[in-house]
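With the sequences and hints as input, model every part of the structure.
Protein chains: 4
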Amino acid sequence: MNKITLLIHCKDRSNIIASVTNFIAKEGGNIVYIDQHVDREQNIFFMRLESEFTIGNFTTDSFKESFKNTLADEFEMKWRIYSSENKPKMALFISKYDHCLYDLLGRYNSGELNLEIPFIISNHLDLKPIADSFKIPFHHIPVTKDTKNEAENKQLELLEQYNIDFIVLARYMQIVSGKLINKYPNKIINIHHSFLPAFVGAKPYHSAYKRGVKIIGATSHYVTEELDAGPIIEQDVAHVSHTHSIKDLIAKGRDLEKIVLANAVKLHTDRKVMVYNNKTVIFS
Amino acid sequence: MNKITLLIHCKDRSNIIASVTNFIAKEGGNIVYIDQHVDREQNIFFMRLESEFTIGNFTTDSFKESFKNTLADEFEMKWRIYSSENKPKMALFISKYDHCLYDLLGRYNSGELNLEIPFIISNHLDLKPIADSFKIPFHHIPVTKDTKNEAENKQLELLEQYNIDFIVLARYMQIVSGKLINKYPNKIINIHHSFLPAFVGAKPYHSAYKRGVKIIGATSHYVTEELDAGPIIEQDVAHVSHTHSIKDLIAKGRDLEKIVLANAVKLHTDRKVMVYNNKTVIFS
Amino acid sequence: MNKITLLIHCKDRSNIIASVTNFIAKEGGNIVYIDQHVDREQNIFFMRLESEFTIGNFTTDSFKESFKNTLADEFEMKWRIYSSENKPKMALFISKYDHCLYDLLGRYNSGELNLEIPFIISNHLDLKPIADSFKIPFHHIPVTKDTKNEAENKQLELLEQYNIDFIVLARYMQIVSGKLINKYPNKIINIHHSFLPAFVGAKPYHSAYKRGVKIIGATSHYVTEELDAGPIIEQDVAHVSHTHSIKDLIAKGRDLEKIVLANAVKLHTDRKVMVYNNKTVIFS
Amino acid sequence: MNKITLLIHCKDRSNIIASVTNFIAKEGGNIVYIDQHVDREQNIFFMRLESEFTIGNFTTDSFKESFKNTLADEFEMKWRIYSSENKPKMALFISKYDHCLYDLLGRYNSGELNLEIPFIISNHLDLKPIADSFKIPFHHIPVTKDTKNEAENKQLELLEQYNIDFIVLARYMQIVSGKLINKYPNKIINIHHSFLPAFVGAKPYHSAYKRGVKIIGATSHYVTEELDAGPIIEQDVAHVSHTHSIKDLIAKGRDLEKIVLANAVKLHTDRKVMVYNNKTVIFS
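Protein chains in written order, with UniProt numbering: chain U, 1 to 284; chain H, 1 to 284; chain B, 1 to 284; chain D, 1 to 284.
Among the clues, some could well be false.
Claimed, not checked - Stretch-level coverage of chain D by chain U, calculated; a stretch enters the list once three of its residues show a Cβ under 8 Å from a Cβ in chain U: (1) 10 to 18; (2) 109 to 119.
Unchecked claim - Calculated cross-link-like contacts (lysine-lysine; reagent style DSS-like; alpha-carbon spacing at most 27 Å): (3) B/K272 - D/K279; (4) U/K128 - D/K128; (5) U/K203 - D/K266; (6) U/K266 - D/K203; (7) H/K272 - B/K252; (8) U/K279 - B/K272; (9) D/K210 - U/K252; (10) D/K96 - H/K266; (11) D/K3 - U/K247; (12) U/K135 - D/K96; (13) H/K11 - U/K26.
In short, the hints are calculated from the structure, not lab data.
Beta carbons: idealized from backbone N, C-alpha and C, even for Gly.
Here it is as structure tokens:
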């Protein structure tokens, strides 16, 4: 039994849904999940579809070839097909904060995440013992102003060597350069510790405290070249009051950050996120 | 341009989605929305589909006829088709509490609700001035132990006379009899002032206070013969603390009740709710 | 039985709490509620205290005089004393949106709000029928670029004539001038339709839609001269998704706006809000 | 500088607050935090107070003696005094689920929790490696029907040997006997995977799925002899839909459970919880 997930977007027009479902039927597939969305402002059609194929000689490659030459061409679709056989490979970038790391590795360990973590990269050694206790290779790549370029080359080398599919910045605290971003477009997930677009940049909890907000938040988004301005995948908030010091906000925020980041990682690895126009369509 | 909403459920098997989308295409329809769900425990397939028909000689009736004789028969579907031309007619049953009434009528007045309210029924006269100010006919049908049956007959008469599609009990405070329920199966929406299944029955805020819960809730559900045990449409909760008296819980609860009930009414009138096995599938 | 609410803030130092509670005891009062807060960054002490006095010759005025000449002087306190006998008088400023109006008047009517509404001011006539149905005097004061100053004078005249204590802008949609703000410092409550500081200014739902946020919010704050930058009283949020159009966000937002505004009004009239440093301390 | 936390409850009557604050002042203390609550139904007064003492010859013991013989006696108070010098000692009881364990140990490691964990007890060996990686002694005490009594004696021995202050059942999955409960009244914290009082007992996620609820929850409470009926410390909920399988509910619930349990542990160790009448007063 082969199972594929198909993600499509294209200009909206009549009969796309019927055409696609027909195509799948002809190829011998049984659709087990279908969801679609039309952005009426932009006139763009989005679809996510899961199909099972029992026919012996089905291969993802031949399906791709067939799809590409017929429907994809006809409707000028942008599309991706994922086989359920391949677990996405995630690289984890960390620094000194451990809460997202513990949370992700705890979930990974218990089988909650459908992915592989070939290695962890950090610019500091502080969290190496945690990586060790989970038996995940840890690469210490220090980053200074002078070595930033060199460090990034080392990172890229590792990413390529292990065929990494996507990167998670689990409170990495470093600005990632355009070189990396362009190599992994909509494939670098960051967790920002505010409800974006409020409090872009450094020290958002300090800014939240100063403004006297009654809610704080966390936002997981894909990294783009503009700081904290990439497509938002997931957000959540918590209520706070005047009794909370900055330290309290940071502590409360940690719980938001780890849950929001974990949810974003799950949505991404389940192929439920489509990006366009700097926004996301989440088929959940 | 005709627009229909089609709701289907049947035993799950291969190729349902492709068959339905094909059928719609052959009938000249363009699917603008499709959503589906499979209950893997019960092996039941659910689908909600919106389709537009531009062909001049399309009628909902002929479509129904055709659908019934082909697909519906083949897959042994249970199905409903709604034309967007028909606004559902809602009867509002109230008693002495006004918060849900103000909220629903305010929304109705501002055009937020896609429905008609031919009349309001109450067992008390207290809220008549509100009905009057919104210019909605108000029928006072008192209910006592002795007159319960007679009162219900009057209610049924009005419901039939105005071709009512569904009933909303906006804190009606009376138990509705099986006669009414059987006449309007999954068409009587109640708001219960607790997060069901906690605190079934009378005085849930008192029970919540006594138990010392830290959250209170409200639940909108379809009425079935078992008290507060019907299919849940919508729920929401609010955090409370030891500082809240029973009176405070009631006040906080009112805000939950009116929002939860309004949301349930909208889901119902948008044909987004399917009921099976005493549960709901909400295509939102 | 007289009951007063005392609000104090001053530089933090030792023994303030004991001194105040002692003073109340000597005056014959029984403290029924006490809450305090210290802002450790600014070193400011805040206190809210409710006390009952049964002694026959107690008057709020003599208590004030005594408090002023002793404790208030010694600790250089800023303070306010409210007698529970006086209901605050609220002026309601509205424009064309009716959801906050219906919500506030519904609560007012059912006795949920501890205040009086001597009149409603609007720059449009659209909502006059609602004011009429609740039997609240409605003053139509149109505002154009040319008549803005004159309109404000008329408003001020009414506010003074009726001894208005505070103003609520229930989606008034006009920028209030410094003249009014200075006359009612921390006494003009606005509802802004975003989770501030995100989306300051006009059309926040459009901006939220464009940015692709996964939560929208509403913020109630005191009006200061800087637009949407005054002390925040209350905030709440709701989850949204790519399926929500701008119109959907606006509809969902209405429910947030009315609840958040009503909560802010209640906190204000219950004398639970203290303002300093452009932030609020909420003793709830 | 000595700092104490004082928790009081007694029958409500006049001048308690003034009497206590006076007493503290006379003893040379400076009150830095005061909060109080009156249960008007039961007529019980509750107070939590933090005070700093700079006088050289202050001791918690002499303060206790003095307080006991004067105020406590006069007002017939039930009271507890904690010195900030003593970190509470927590015993962790676990079984096979690791999410609460990882979460608590991660927080413990990063210094977020103000407590000590002398040891972990489990009836299974599965999670020993996690305890080892955090370098916390792990005691394997298997529990079977036949050995239950013997196992409990071993537990009690360890608890006494290490002067354990309170016990946390982090998904321990065993019913704790009356012997243990009576020895640690309101000192055994459990996490139940439902919003109590809904779904008491085993398999609450299965029951929630069956009932078709739209919210699931988690509840942390003190253990009493009646199953899942003890005083509730903290609750939280998450929205779910028909798309969630039981497995999904369990996964979503894990995130609730770990946050709710961690919050309850923090409230308990910060001495912010008072219990009476099978309910809690939470001074947060």
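Each hint tested on the structure:
Interface restraint, the segment 10 to 18 of chain D with chain U: violated (0 residues with C-beta to C-beta distance below 8 Å; minimum three). With 3 residues having a beta carbon nearer than 8 Å to a beta carbon of chain U, the segment 109 to 119 of chain D meets the requirement of three or more and the stated coverage holds. Taking the CA atoms of B/K272 and D/K279, the gap is about 26 Å. The hint holds against a cut of 27 Å. A hinted pair counts as satisfied when its Cα atoms are at most 27 Å apart, and U/K128 with D/K128 qualifies at roughly 21 Å.
For a cut-off of 27 Å, the pair hint linking U/K203 to D/K266 stands: about 25 Å separates their Cα positions. The hinted pair formed by U/K266 and D/K203 meets the criterion: a straight-line CA distance of about 25 Å does not exceed 27 Å. Simply put, H/K272 and B/K252 have alpha-carbon atoms about 17 Å apart, close enough for the 27 Å limit, and the pair holds. Using a Cα cut-off of 27 Å, the hinted pair U/K279 and B/K272 is violated, with the two alpha carbons roughly 40 Å apart.
About 33 Å separates the Cα atoms of D/K210 and U/K252, which puts this hinted pair outside 27 Å; it is violated. For a cut-off of 27 Å, the pair hint linking D/K96 to H/K266 is broken: about 44 Å separates their Cα positions. Proximity of D/K3 to U/K247 is assessed by CA-CA distance (about 20 Å); at most 27 Å being required, the pair is judged to hold. Between U/K135 and D/K96 the CA atoms are separated by roughly 20 Å; this keeps the pair inside 27 Å, and the hint holds.
For the hint linking H/K11 to U/K26, the alpha-carbon distance of about 22 Å falls within 27 Å, and the restraint holds.
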